[in-house]
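Novice: Spelled out from the first residue to the last, the chains are:
Number of protein chains: 2
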Amino acid sequence: MNVEIIAVGDELLIGQVTDTNSGWIARRLNLEGWELSRVTLVRDRRDEITAAIEAAFSRVSVVLMTGGLGPTKDDITKKTLCELYDCGMHRDERVQAMNEERFARRGFTMNTLTRDQALVPDACDVIYNPVGTAPIMWFDRDNRVLVAMPGVPSEMQYAVTHEVIPRLRTRFDERSVVCHDTCLVRGLTESALAIRLADFEESLPANIHLAYLPKPGVIRLRLTAVGEADAGVEEALERYFTALITELGDYVFCRQDASLAGALGLLLQERGLTLATAESCTGGNIAHEITLVPGSSAYYKGSVVSYANEVKTSVLGVSPDIIAEYGVVSRPVVEQMALGVCRVLHTDCAIATSGIAGPDGGSDAKPVGTVAVAVACRDKVHSVMLTFGRNREQNIDRFTHAALLQMVGFLLD
Amino acid sequence: MNVEIIAVGDELLIGQVTDTNSGWIARRLNLEGWELSRVTLVRDRRDEITAAIEAAFSRVSVVLMTGGLGPTKDDITKKTLCELYDCGMHRDERVQAMNEERFARRGFTMNTLTRDQALVPDACDVIYNPVGTAPIMWFDRDNRVLVAMPGVPSEMQYAVTHEVIPRLRTRFDERSVVCHDTCLVRGLTESALAIRLADFEESLPANIHLAYLPKPGVIRLRLTAVGEADAGVEEALERYFTALITELGDYVFCRQDASLAGALGLLLQERGLTLATAESCTGGNIAHEITLVPGSSAYYKGSVVSYANEVKTSVLGVSPDIIAEYGVVSRPVVEQMALGVCRVLHTDCAIATSGIAGPDGGSDAKPVGTVAVAVACRDKVHSVMLTFGRNREQNIDRFTHAALLQMVGFLLD
Numbered sequence: 025m026n027v028e029i030i031a032v033g034d035e036l037l038i039g040q041v042t043d044t045n046s047g048w049i050a051r052r053l054n055l056e057g058w059e060l061s062r063v064t065l066v067r068d069r070r071d072e073i074t075a076a077i078e079a080a081f082s083r084v085s086v087v088l089m090t091g092g093l094g095p096t097k098d099d100i101t102k103k104t105l106c107e108l109y110d111c112g113m114h115r116d117e118r119v120q121a122m123n124e125e126r127f128a129r130r131g132f133t134m135n136t137l138t139r140d141q142a143l144v145p146d147a148c149d150v151i152y153n154p155v156g157t158a159p160i161m162w163f164d165r166d167n168r169v170l171v172a173m174p175g176v177p178s179e180m181q182y183a184v185t186h187e188v189i190p191r192l193r194t195r196f197d198e199r200s201v202v203c204h205d206t207c208l209v210r211g212l213t214e215s216a217l218a219i220r221l222a223d224f225e226e227s228l229p230a231n232i233h234l235a236y237l238p239k240p241g242v243i244r245l246r247l248t249a250v251g252e253a254d255a256g257v258e259e260a261l262e263r264y265f266t267a268l269i270t271e272l273g274d275y276v277f278c279r280q281d282a283s284l285a286g287a288l289g290l291l292l293q294e295r296g297l298t299l300a301t302a303e304s305c306t307g308g309n310i311a312h313e314i315t316l317v318p319g320s321s322a323y324y325k326g327s328v329v330s331y332a333n334e335v336k337t338s339v340l341g342v343s344p345d346i347i348a349e350y351g352v353v354s355r356p357v358v359e360q361m362a363l364g365v366c367r368v369l370h371t372d373c374a375i376a377t378s379g380i381a382g383p384d385g386g387s388d389a390k391p392v393g394t395v396a397v398a399v400a401c402r403d404k405v406h407s408v409m410l411t412f413g414r415n416r417e418q419n420i421d422r423f424t425h426a427a428l429l430q431m432v433g434f435l436l437d
Numbered sequence: 025m026n027v028e029i030i031a032v033g034d035e036l037l038i039g040q041v042t043d044t045n046s047g048w049i050a051r052r053l054n055l056e057g058w059e060l061s062r063v064t065l066v067r068d069r070r071d072e073i074t075a076a077i078e079a080a081f082s083r084v085s086v087v088l089m090t091g092g093l094g095p096t097k098d099d100i101t102k103k104t105l106c107e108l109y110d111c112g113m114h115r116d117e118r119v120q121a122m123n124e125e126r127f128a129r130r131g132f133t134m135n136t137l138t139r140d141q142a143l144v145p146d147a148c149d150v151i152y153n154p155v156g157t158a159p160i161m162w163f164d165r166d167n168r169v170l171v172a173m174p175g176v177p178s179e180m181q182y183a184v185t186h187e188v189i190p191r192l193r194t195r196f197d198e199r200s201v202v203c204h205d206t207c208l209v210r211g212l213t214e215s216a217l218a219i220r221l222a223d224f225e226e227s228l229p230a231n232i233h234l235a236y237l238p239k240p241g242v243i244r245l246r247l248t249a250v251g252e253a254d255a256g257v258e259e260a261l262e263r264y265f266t267a268l269i270t271e272l273g274d275y276v277f278c279r280q281d282a283s284l285a286g287a288l289g290l291l292l293q294e295r296g297l298t299l300a301t302a303e304s305c306t307g308g309n310i311a312h313e314i315t316l317v318p319g320s321s322a323y324y325k326g327s328v329v330s331y332a333n334e335v336k337t338s339v340l341g342v343s344p345d346i347i348a349e350y351g352v353v354s355r356p357v358v359e360q361m362a363l364g365v366c367r368v369l370h371t372d373c374a375i376a377t378s379g380i381a382g383p384d385g386g387s388d389a390k391p392v393g394t395v396a397v398a399v400a401c402r403d404k405v406h407s408v409m410l411t412f413g414r415n416r417e418q419n420i421d422r423f424t425h426a427a428l429l430q431m432v433g434f435l436l437d
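From first to last, the protein sequence lines are chains A and B. Each residue of the first sequence is one higher than the last, beginning at 25 in the numbering used here. Each residue of the second sequence is one higher than the last, beginning at 25 in the numbering used here.
If you're looking for bench data, these hints aren't it; they were derived computationally from the structure. Please note that a few of the clues may not be correct.
Put simply, identical chains are the same to the list, so a pair is met inside one copy or across any two.
Said to hold, decoys possible - Here are the simulated DSS-like cross-link-like pairs (lysine-lysine), alpha carbons at most 30 Å apart as the crow flies: (1) Lys97 with Lys239; (2) Lys103 with Lys239; (3) Lys239 with Lys390; (4) Lys239 with Lys404; (5) Lys390 with Lys404.
Excised from the complex, chain A in its bound form (with noise of 0.2 Å):
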């Protein structure tokens, strides 16, 4: 079953807000093997609505919108479906008495526009959003069904796990499959690695096909493969997955998909080290990817974010003198932070990072997107200083990158 995806919202083509729903949908159709095959972003616009759901009609059978359902004037989504399924709109009244408990429940009081959540298009059959007040819309007319939800991610979210997916299931009954296999690979370039793999992927039936994904340094292979449920097609996945490991020796450093933390953490586990932070530029977010990973607790103690220099010398013991002699961006400096937070935390490895993210903050000497790096593991210690761009957020972003990767190398080589 092929199934699009329309976003509507004004603050998604400004990108004051990034659309991160479609992603997360994605992800959930591809678990029912489902293929979504395209995404439109439009704005708050009646007439750029209306074309983007007859374009996605003429190509496939459902379509799922998100946004555009709050209750404020520049929302007209609803509006819009009215016209599109020539219908008018009713009161719900279970909307309107869940959205009455709901309000009381929290203390706020109702009004003319939170009543009109209530208001539905006689064409759809209402879902009814128990974390939320703007129920979902379920169209079916002409064997294409159009479901209609709150932007709001976790509403969102809701409705697709608890509703939007078993109905569909239910209302297709499809029974194709698509299943992946995912495997992390290091120390060879994108262009290498397919070079290595010509043979591999020459010998892959037509229904099963390799992806790259790459990230400096870390290169994400998926192999996909799609056919009818009961046709052998997991199994045949297997079959493929497991030569394409072999043919790849010890570049895989993980064999399932997980985040380069994910994979960190897989590696401490097998050798039962345990694992702390010392941030400086990247400020938390290499303790954030560490803790997004559910059971990083097992090997995880936590961070000091040594934002000011006088945490780094006050709780991790770094030298005022060092400091003073090789700046606070310096392979000497992140040894130490390294070191001292290992002791501080009682952990077996450490990881330290100290940069200039940016914008300001640069000199000759050290450039914004200088960062100093330090990995230790029972005393051993390595650093590195590396150089990256001149954007904060994105700096931040490969700062942390450059810090999980050393540690990775670090335990393996």
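Place chain B on chain A using the hints.
Specialist: Coordinates of chain B only, in the frame set by chain A:
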């Protein structure tokens, strides 16, 4: 000038990678006064890429494409563009030389696939890419411009900033202006706010538009004005924005487009206060949000991410008896964490969190999604228990948001 974006890549449609490029380009176009009217995400398939381009050119004259330009087999954008523009490919000597130099500098060996990155469609102007191996392709035919860029964010960002925007500016001599003013509001629901602003909204001229961007407890209000350059658009916007701020009085807690952490930073700076954080369940994400703000080192000293209980006691001085009596997710514990981190990092204010992000670790009394938040300022401390959902990543975000909002409220109320 209206622009559309087409982002190409199977990884976007299965949700393995979230398209953040479009939002970034959107913000950049916005600064130029150009409107992004649609974003389309399509798979690495020839017919789908072609159809998306043709449809886009039926609506606008400028299409920016990202992705699908890597050296590997799954990247087919270049071939597809050759078909669409009915041309062959030739080797661009300068791209070839740049890539050879690039590989040599990094000590990598070039191979067939990397060498073929220098093959370019005959019908395009080549824009050289100093930060990656894939050249940028500029097609200009029948008064319609298509620019194909790599999907790697740093390469795309370089191309847009240094090449694409300046070239489009010259090519189209566009003079219309779009400007925005934003403020942050708390203490009102979205609909209560809309009712309060009904008269204000009625008074707006056709070229000025108000949008609501709600998050739990905070609403971002954006006023947008569009018009010809030199037609007083900015002055009109400023006048209406002042009227808006005046109408809302104390509900407005930030008069510029800041993140919640950014708004908190402005408040702290106004009052000359410093801040630290002590994070358990949020795992460094509060620190990360705070340090994403340029200049945050002026008021933010750091964080102790006390993921393990022993770190709460040994570094932050939380009493083991209090943990035993109330549990680690409790108001007394986070209050001690907040006061402890003020003491250890020598700050005026602190935010502390302890909670259960999930998926495991919940109990009947404290289910997954429960968080204790404390905020402290000069020995005064305030704490709350809150309950959110079941999704780990979402909980970390919501805990972070709630904690920052508590701190803002503590300073203002």
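Novice: All hints, please: hold or fail.
Specialist: Hints, one by one, checked against the model:
In this assembly of identical chains, the alpha carbons of Lys97 and Lys239 lie at most 30 Å apart only when taken from different copies (17 Å versus 42 Å within one copy). For the identical chains of this complex, Lys103 and Lys239 are inter-copy neighbours only, at 23 Å across copies versus 43 Å inside a copy, given an alpha-carbon limit of 30 Å. In this assembly of identical chains, Lys239 and Lys390 lie within 30 Å of each other by CA distance solely inside one copy; the values are 25 Å within and 39 Å between copies. In this assembly of identical chains, Lys239 and Lys404 lie within 30 Å of each other by CA distance solely inside one copy; the values are 28 Å within and 46 Å between copies.
Proximity of Lys390 to Lys404 under the C-alpha cut-off of 30 Å is restricted to the intra-copy arrangement: shortest distance 26 Å within a copy versus 41 Å between copies.
Of the numbered hints given earlier, the model fails none.
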